[in-house]
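Visitor: If you want the building blocks of each chain, they are given just below.
2 protein chains.
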Amino acid sequence: MQQKKRKKEKRRDKHEETTNDFLADNNTDVNFESYPAATLRDGLRKSCHPTVPHMLNVHLVPHTHDDVGWLKTVDQYYYGGRNNIQHAGVQYILDSVVEQLLQNPERRFIYVETAFFYRWWRNQRPSMQTTVRQLVDQGRLEFVNGGWCMSDEATTHYSAVIDQMTLGLRFLNDTFGRCGRPRVAWHIDPFGHAREHASMFAQMGYDGFFFGRLDYQDRSHRMAKRNQELLWRASESLEPPHADLFTGILPNGYNPPDGFCWDQSCDDPPIMDDPDLEDYNVDDVVRRFKMIANAQAKVYKTQHLIMTMGSDFQYENANLWYKNLDKLIRYVNAQQANGSRLNVLYSTPSCYLQELHRANLTWALKTDDFFPYADNAHNFWTGYFSSRPALKRYERVSNGRLQTCNQLEVLGGPSSRKGPFGAGDSETLRKAMGVAQHHDAVSGTEKQHVANDYARMLAKGWQRCQVVVSNSLAALSGSSAGRVYCDNLNISACPLTEASKEFSVNVYNPLARPVVWPVRLPVNGSAYGVRDAGGAPLACQVSVVPVSEATRQVRKDRGHAVNELVFLVQAPPLGYSTYSVSRLQNGPPPASATPGPPAAIQNQFVRATFDPATGLLASLTNLETQQTINLTQNFYWYNASDGNSSVSDQPSGAYIFRPNSSTPFTISSSAKTQSIQTPELQEVRQRFGPWVSQVVRLHSNSKALELEWTVGPVPIEDSLGKEVFTRLDSSIRSSGIFYTDSNGREVLRRKKDFRPTWDLKQTEPIAGNYFPINSRAFIKDDKDQLTVVTDRSQGGSSIQDGSLEIMLHRRLLYDDVRGVGEPLNETSGVFPQGLVVRGRLLLSLAPPPLAADAHRPLAQENVLPPLLTFTKGGPPPGALLEVCFSGLQAALPPAVHLLSLSRWDDDSLLLRLEHQYQTQESKQHSGPVTVHLQKLFSTLEVVGVSEMNLSANQWLDEMKRLDWRPTTGGRPLKKPLGDPSVWEVTLTPMQIRTFVLRVARRR
Amino acid sequence: MQQKKRKKEKRRDKHEETTNDFLADNNTDVNFESYPAATLRDGLRKSCHPTVPHMLNVHLVPHTHDDVGWLKTVDQYYYGGRNNIQHAGVQYILDSVVEQLLQNPERRFIYVETAFFYRWWRNQRPSMQTTVRQLVDQGRLEFVNGGWCMSDEATTHYSAVIDQMTLGLRFLNDTFGRCGRPRVAWHIDPFGHAREHASMFAQMGYDGFFFGRLDYQDRSHRMAKRNQELLWRASESLEPPHADLFTGILPNGYNPPDGFCWDQSCDDPPIMDDPDLEDYNVDDVVRRFKMIANAQAKVYKTQHLIMTMGSDFQYENANLWYKNLDKLIRYVNAQQANGSRLNVLYSTPSCYLQELHRANLTWALKTDDFFPYADNAHNFWTGYFSSRPALKRYERVSNGRLQTCNQLEVLGGPSSRKGPFGAGDSETLRKAMGVAQHHDAVSGTEKQHVANDYARMLAKGWQRCQVVVSNSLAALSGSSAGRVYCDNLNISACPLTEASKEFSVNVYNPLARPVVWPVRLPVNGSAYGVRDAGGAPLACQVSVVPVSEATRQVRKDRGHAVNELVFLVQAPPLGYSTYSVSRLQNGPPPASATPGPPAAIQNQFVRATFDPATGLLASLTNLETQQTINLTQNFYWYNASDGNSSVSDQPSGAYIFRPNSSTPFTISSSAKTQSIQTPELQEVRQRFGPWVSQVVRLHSNSKALELEWTVGPVPIEDSLGKEVFTRLDSSIRSSGIFYTDSNGREVLRRKKDFRPTWDLKQTEPIAGNYFPINSRAFIKDDKDQLTVVTDRSQGGSSIQDGSLEIMLHRRLLYDDVRGVGEPLNETSGVFPQGLVVRGRLLLSLAPPPLAADAHRPLAQENVLPPLLTFTKGGPPPGALLEVCFSGLQAALPPAVHLLSLSRWDDDSLLLRLEHQYQTQESKQHSGPVTVHLQKLFSTLEVVGVSEMNLSANQWLDEMKRLDWRPTTGGRPLKKPLGDPSVWEVTLTPMQIRTFVLRVARRR
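The listed protein sequences correspond, in order, to chains A and B.
Heads up: the first sequence at position 531 corresponds to 531 in my numbering, and the numbers run straight through without jumps.
Heads up: the second sequence at position 91 corresponds to 91 in my numbering, and the numbers run straight through without jumps.
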């Protein structure tokens, strides 16, 4: 019975009007030749052109690579504006490709970036939409990858990646149904490849994954051993084959072979086949093509070759490509009559993949990742791990805002979207976050004006979300009082709190467990009273705002607060609490800072000591576990290479990190310090110079030491580009080993000057050891683990034993010749002197077996912090108002993270539950854990459930992926889910389970 | 009865299957919206979009300008090869435009160059051909101009221009019938405009003519007076309105207005009309467009404006253009609802012209031409009049060969095309000549490799024609003996005559009157006997070949003759005679040269004296009229500007002539001379230096003095570009006046530092006085007229009274920044030292009233010289062979030139008869003259006749052109032809009459 109901759910979610029954009698105004639909039967795509056994089959894959912003903004790329920067107009590409596919049913095309396709689609007339649906149904137009963008892998957070994939794939699913589902992941351009991405792609149901860029040494080894196609086992926690992903390295990056680029942007000779004309070249073209195919066959395993026939923004005039490809196929295959064993065909990555699968071979197994990426000895693409730190932070903040907005859209019900504060939506921010994941967006490798545009879109999205949040909170609280959002609290600016004598603070907690959180509000009074939802007074502290030169410049007219009010708030799971604040006439004076460093700051959990001579950190103690390490921390910069070197002319730039020397400059060997020490707040304010300062901080409840750094404007008057980092030097005996996370989830072990799969020849002692840090990094020995939780993606390394360095800010004077064409200088109208960046590192010291218990929740709190909203005036009168609310019946178990909760359609929602611990990471939490879906929500009754793949574009029980055998070990078998019942879902370490739930409101 | 027969002829010639009856029920697989056919009713094109009265109507004309060779060869342009030189591929343009026209029936396109369209058309499938026919029938695709190319106007000969127009227009006629006939001439790019071109266009039935380039001063005057549209009365001899041509000057050359170029090659912003996206710009686009339209309206007369929306090789991806033009029209016209008086529409030049005609205004009359063209004060495009003199000569030679080939193809009957010497054709040469007329071909303004390609095509065409000629002569003579063509006689190289003891010479005369012609053959013997067709011996002369350094270098391995055999041959009209030559064992030694100048050389008609001190010419005497002038002649060079000047940075180049100084350098003030003086031959060989020499020559029958100059390799070791010219300085009192022909026909009066239609501000005293000379130039006073007949197009002027200078050769070291991107250096593999050029000037001295009687036939002989073919061995045995033949029953009257005689189809031929004198030019010949068509041919019976317009794409009696009123004088009325009968055609001065004759072979 239950089973039947689930099936019914599915039918509602999918779009059956685009199944094959419908296609069989398609009838259009364009005279298609009879053509089989792209059905799957026995795992085979009928739409694939047949190959010829015992011949070398070359799969030509016409494609375009359309950056969702880079040198131009997304909008400019879509329209073809600013063609003086780069000739590119996606609207025309799609116009043209569709037109050309209609000319010859043999032709194929793949499209990748749904952010663009979506724009195009909504501008088409119904007749064109029908035509395109047919092309998709027939496999002539195939979507690959299919996310909103082709995400960056080094600087993205898994949460945002899953969201953007879900957004793109859902559009394809809604629009094209089953035939629009991409079966291949396609990351042809990102600059290195994350294991977590591979894991996610596997869980999204992709049969395989292709990319273009990897380390040149790695590539050369793989070519020699024909290991350019391999099986990637992308998780240490998930049972194979759940995170196994067949992975192919494309032969020419993503470009066509030399001499065979027939785009309007290329100059290769077309096929000139009129013997009456002067430049007849068919024989020459055929000869050159054969040479290339034979050479390629030597470095791949099977009798099938793939050639990517396209590149950046190509196919704007698809006729040029197709006309010549048609001829190429005709003339090369015509040689078969003369005994040639070469067969060329139009193909797609999934058709190629199918042939590889049919070959029934075994494939080399890989368990690490593809970082860092170097395209030559002195060209390590490890700069972008840290480029544009402000944009990287803004993206991370926006992710938290989007999750919050999603949740409140669900919890507040229909009036969230249209309510007392007008019409709002989460889509605008969801799309903005979708494009921000692009590999030239959050990566920081776009032009300045494009970076500005990403920020603009996120800001606009947040504005639309604010309406949702306000409406939702109004519905939940019963109060339509105007809510104010203070987005500049990081620079101690909030006009409402600065000016008001009385105001209330709503604290919404998007986590599925209760949190205690320090709130820091800019105020101008010197004494305040704070009461909780029940009216009980809270301890609080007013202290003088630390204003450095840089802070003063950044705040400008945005904030004038002289003091900060600090207090700890509590908020229930998926819910809010409300606090009221009033300025007191009489009270103690604000805590002011004492000059000089204290011996130590500490609360009940942590103690940090300082060197009285330098003012720098000296040690860190975990008071609970009674462990102490020596720990100093300081700020440094590498002098960025300007390309003037006999070794290599590669300058450091947005992509590439190349210090001029491995020896950094120290900003200052000592800090000028001040400290505040009260029961609520302990902080040491360090000034390292006019452009570097830091606050070392402990709130009364903190288990981690907070380092709030402020860097900038980085001076460049000396004409030296600077790569500014902080380094922690500890007594931990790390032996060249350190650990970094992958996209904020599983952690990989790193070893200096070492790669797990080949004998590395290290050529850049610093840049060649940098790895992406998305949420945390750590070093450890038997006794101590020092974990640093970051607030954004950054690059980092451990160059010396016991040390961990994290790149904070980069200001460069040269372009690094990878296309962006601008030095990473980050000056703009708002910051003519250069960008000031502020961020936080959270240091956690623990015994290794207990470390994850601390850093996992710490990192989640950092990603999904509470949202504060403010209301003017005193506490709301009467008891009618809900000043406290939780969307959950109870907190989820500590191992379970509520990853996604968002509106799916009118009566259903998308839910993702995640086991946030790795296998064996935590004694306490690394076991399976079960959640009862019907006991989840306080205000929603779950009446139906469909479990989906990770990207929610397929029912999980219909997700059948091609199976691949590794060279070592047998064919992994998928085990059935061990759920106790359909409502009770069990999560194993690192597992994410995705559901569409049909719900009814309880009240 | 006769009338009826003529009508019947017409039906056969035209292609009635493409008339409107057919169109009415068109039925295709593309879903056209119902659309009126492009019929003419009451002179109106129904296919034109309606305009709005009392509004300013802007006619947007989408077009592409496709050079038939320039930076790339024709083939490269067609295919899109060598896109590294210039991105351009015509195949894709036509693919794309057709596709886009089908998307929206409102859209229009014009196509111009039939050389390209023809190539494309023959690669299309029948279904595409049907589609395109419909587009043409509906007026959505309109042909304008429609010749094989867009001919150059300064350096072309009318005969070749008429041929290439006929070739292109016939293809259009055969393919598309009536709706394919261009109604507008369209010379948007040529660098100045010839009156003769306008006259020809009028006679070809064009309703109007548009061009883009004219002198900047002229333009500015015309803008001020709104005289950019005018009536050009293009002949002084033809009765108006026969040579009247409405002429419009386009507003932006042929480009779109600033900011409105939406080709893939442009960077102007597209119309971004999605208000949700960031760069919405509709308001801005509309505002800018209105501004431009209003400004344009101020410099034109009517409420209609034309805007050329396209440029060089644009529309390769027509979607970009049309998508944005669709939006432009929509958004600009949408403003009419808000009171805007601006109306924008897709249009064509003929639709625009129709609106101008409807305006019923009067237009300024112009009777001179548009030469020279300057785009600024120091930028006179008068260099190309002389650029690439070898190519210019080769083109002229090839024209003669083509006419000869055409004639013999007709006279020899069907076996000409397929006979004992295999299959030949005249089409290859006709097409090669067609492209050679292009304004970057014979003009000399193409890149070197492209110039080579034109020459290659002409050579290939001549090879195919040689087969026709051999076959035809075999048919006419009865002898299939192998014929040898000696194409290098100009450098005294012919392996057959050099090596043979006995050979015969066939002399074919393509003129319609008998000629006597000096034959000069390279030989190695010292004595020869020559006999005519009847066996009678002829006087002949052997002399030593004059071999200069330059000649030696050019001949290389191609010829080794030490002597030349000279004798006079006679040939009948349109016929041949045969001469046999045998080497004699004993005979007089060859005439060898005597050092030093003779006092004079002379024959019975002419005497030329020489200055004993300098060796230069001293005087010229016409012995018949007993008139003598002082005449010296020498060689000079202007130092070409290298752009290093404070006045202007314009260098001299392929287009632009800009001497560094008005004072030329003299090559040498005296010549080293030798002379030969025999009864058959009088010549003075002058050596001016290692790279300039000359032979001054008189054959025994010459009425003109021949100056055979040899110039080159022009030295550039001194890093000075050189513009080499010869100057004749005479005692004629020319008062600043001189005369040059227009395209080899009517002569225009030139005056130094003067333009007939505006008050010239002369800024370049030399270059600004240069004019094109296609066949002749003269100076005169009351008594004497000195006419120089040239053998190719050259530039020239009269800077001083009594003098005439002619530019012979240009070797330049800088590009002149008009796009060709190469200095006019003319070095190649064959001539690594630079090009050596040889040519002839013929000087004729006569009283002005008699001058034309001499120079008209002289020039025709120069254009259509006899063709010599050679056969090895002794005279053919027996009387079976026709050693003499004339295709005419009798010579035509002296005033009548047989301009065209070529195969039309299996049983018809194309005939053009031309009155070759201007009104009042010759007392004897400037009257009407009548020819009887049935008494024309000796071997062909004329059984039907259709008189055609000049380009033979319309019956003359159906040629109805729009009539235009000049501002001064009334509306000219067309007078009926005054023919005595349908077979007797009367020609008035400068009239050309064109007939398609149906013929039967007499034997």
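It is worth saying that the hints were derived from the structure and are not from the lab.
Some hints here could point you the wrong way.
The list cannot tell twin chains apart, which means a pair is met if one copy fits it or any two copies do.
Only pairs whose alpha carbons sit at most 25 Å apart, straight line, appear in this in silico SDA-like list of lysine to any residue [as the list claims (entries may be wrong)]:
id: 1; residue 1: K327; residue 2: V98
id: 2; residue 1: K327; residue 2: D276
id: 3; residue 1: K290; residue 2: D753
id: 4; residue 1: K872; residue 2: W121
id: 5; residue 1: K460; residue 2: K751
id: 6; residue 1: K301; residue 2: P972
id: 7; residue 1: K447; residue 2: C266
id: 8; residue 1: K960; residue 2: V747
id: 9; residue 1: K960; residue 2: Y814
id: 10; residue 1: K327; residue 2: S127
id: 11; residue 1: K327; residue 2: I85
id: 12; residue 1: K872; residue 2: N701
id: 13; residue 1: K935; residue 2: G596
id: 14; residue 1: K418; residue 2: D274
id: 15; residue 1: K974; residue 2: P240
id: 16; residue 1: K447; residue 2: D276
id: 17; residue 1: K447; residue 2: S265
id: 18; residue 1: K460; residue 2: Y280
id: 19; residue 1: K460; residue 2: S582
id: 20; residue 1: K761; residue 2: M55
id: 21; residue 1: K460; residue 2: P275
id: 22; residue 1: K501; residue 2: K761
id: 23; residue 1: K751; residue 2: G478
id: 24; residue 1: K327; residue 2: Y118
id: 25; residue 1: K975; residue 2: L568
id: 26; residue 1: K327; residue 2: W121
id: 27; residue 1: K460; residue 2: D276
Treat the numbers as computed from the prediction; the structure is a model and nothing was measured.
Visitor: With identical chains treated as interchangeable, where does the CA-CA distance between K460 and K751 reach 25 Å or less: within a copy, between copies, both, or neither?
Guide: Neither. Shortest intra-copy (42 Å) and inter-copy (71 Å) distances fail the 25 Å Cα cut-off.
Visitor: If the cutoff is 25 Å on CA atoms, where do K761 and M55 land: within, between, both or neither? Let me know, please.
Guide: neither (38 Å within a copy, 76 Å between copies)
Visitor: With 25 Å as the alpha-carbon cut-off, assign the pair K460 and Y280 to within, between, both or neither.
Guide: between (56 Å within a copy, 16 Å between copies)
Visitor: For K460 and D276, with the copy left unspecified, which applies at a CA distance of at most 25 Å: within, between, both, or neither?
Guide: Close across copies (11 Å), not inside one copy (60 Å); limit 25 Å.
Visitor: Indicate which option fits the pair K327, S127 if close means a Cα-Cα distance not exceeding 25 Å: within, between, both or neither.
Guide: between (30 Å within a copy, 20 Å between copies)
Visitor: Go through the copies and call it for K872 and W121: within, between, both or neither, with a Cα cutoff of 25 Å.
Guide: neither (45 Å within a copy, 76 Å between copies)
Visitor: If the cutoff is 25 Å on CA atoms, where do K960 and Y814 land: within, between, both or neither? Let me know, please.
Guide: neither (49 Å within a copy, 69 Å between copies)
Visitor: Since the copies are identical, ignore which copy is meant and state whether K327 and I85 lie within 25 Å (CA to CA) inside a copy, between copies, both or neither.
Guide: between (33 Å within a copy, 23 Å between copies)
Visitor: For K327 and V98, with the copy left unspecified, which applies at a CA distance of at most 25 Å: within, between, both, or neither?
Guide: both (19 Å within a copy, 21 Å between copies)
Visitor: Can you tell me if K290 and D753 fall within 25 Å by alpha carbon in one copy, between copies, both or neither?
Guide: The answer is neither: 40 Å in one copy and 66 Å across copies each exceed 25 Å.
Visitor: As a check of your reading, is K960 near V747 (CA-CA no more than 25 Å) within one copy, between copies, both or neither?
Guide: neither (28 Å within a copy, 86 Å between copies)
Visitor: One pair to classify: K327 and D276, alpha carbons no more than 25 Å apart. Within, between, both, or neither?
Guide: within (17 Å within a copy, 42 Å between copies)
This entry does not satisfy hints 3, 4, 5, 8, 9, 12, 13, 19, 20, 22, 23 and 25, going by the numbered hints stated previously.
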